[in-house]
Amino acid sequence: VQLQACGGGLVQAGGSLRLSCAASGSIFSINAMGWYRQAPGKQRELVASISSGGSTNYADSVKGRFTISRDNAKNTVYLQMNSLKPEDTAVYYCNALIPAPIGEYVYWGQGTLVTVSS
5 VQLQACGGGL VQAGGSLRLS CAASGSIFSI NAMGWYRQAP GKQRELVASI SSGGSTNYAD
65 SVKGRFTISR DNAKNTVYLQ MNSLKPEDTA VYYCNALIPA PIGEYVYWGQ GTLVTVSS
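Start counting at 1 in the sequence shown, then tack on 4, and there's your number in my numbering.
Hints in this document: simulated from the structure, not taken from any laboratory.
C-beta atoms are modelled at their ideal positions from N, C-alpha and C, and glycine is treated no differently.
Check the hints yourself; a few may be wrong.
Label-pair ranges, simulated between beta-carbon atoms [as the list claims (entries may be wrong)]:
1. Tyr109 to Gly19: 33 to 43 Å
2. Lys67 to Ala43: 10 to 20 Å
3. Arg48 to Gly107: 12 to 22 Å
4. Ser65 to Ile106: 27 to 37 Å
5. Asp64 to Ser20: 16 to 26 Å
6. Pro103 to Gly19: 34 to 44 Å
7. Ser122 to Phe32: 38 to 48 Å
8. Gln16 to Ala43: 12 to 22 Å
9. Thr71 to Arg48: 15 to 25 Å
Derived lysine-lysine pairs resembling DSS-like cross-links, with alpha carbons at most 30 Å apart [to be verified]:
10. Lys46 to Lys67
11. Lys67 to Lys89
12. Lys46 to Lys89
13. Lys78 to Lys67
With the sequences and hints as input, model every part of the structure.
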């Protein structure tokens, strides 16, 4: 299984970006999918997650600005980021939790850089 993330870039504060992450390979189903980010010198943190049924969860810092969604037919998760702030600058990683005989496998994308200028 591979996850390919794209959509990062340089944007001015107040602008928008849309990230996407497509999972490929031998996939029967995907449980939760999510986006994490890691800023320089900081730990990786959860940005948003979405269950297979569409239930979402957001970090307080992005609530009201970011929206996570998924297309189960395409095994793809999206992150619409609006009203971006310089503090949103980070490498954004997607992940997918895939059912295993016991528990779940966790797969990660390669990361896409988001830079927000002030």
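Hint check:
no. : hint                        : result
1   : Tyr109 to Gly19: 33 to 43 Å : holds, 35 Å
2   : Lys67 to Ala43: 10 to 20 Å  : holds, 18 Å
3   : Arg48 to Gly107: 12 to 22 Å : holds, 21 Å
4   : Ser65 to Ile106: 27 to 37 Å : holds, 34 Å
5   : Asp64 to Ser20: 16 to 26 Å  : holds, 20 Å
6   : Pro103 to Gly19: 34 to 44 Å : holds, 37 Å
7   : Ser122 to Phe32: 38 to 48 Å : holds, 45 Å
8   : Gln16 to Ala43: 12 to 22 Å  : holds, 18 Å
9   : Thr71 to Arg48: 15 to 25 Å  : holds, 21 Å
10  : Lys46 to Lys67              : holds, 20 Å
11  : Lys67 to Lys89              : holds, 13 Å
12  : Lys46 to Lys89              : holds, 17 Å
13  : Lys78 to Lys67              : holds, 26 Å
When each numbered hint is compared with the structure, no violation occurs for any of them.
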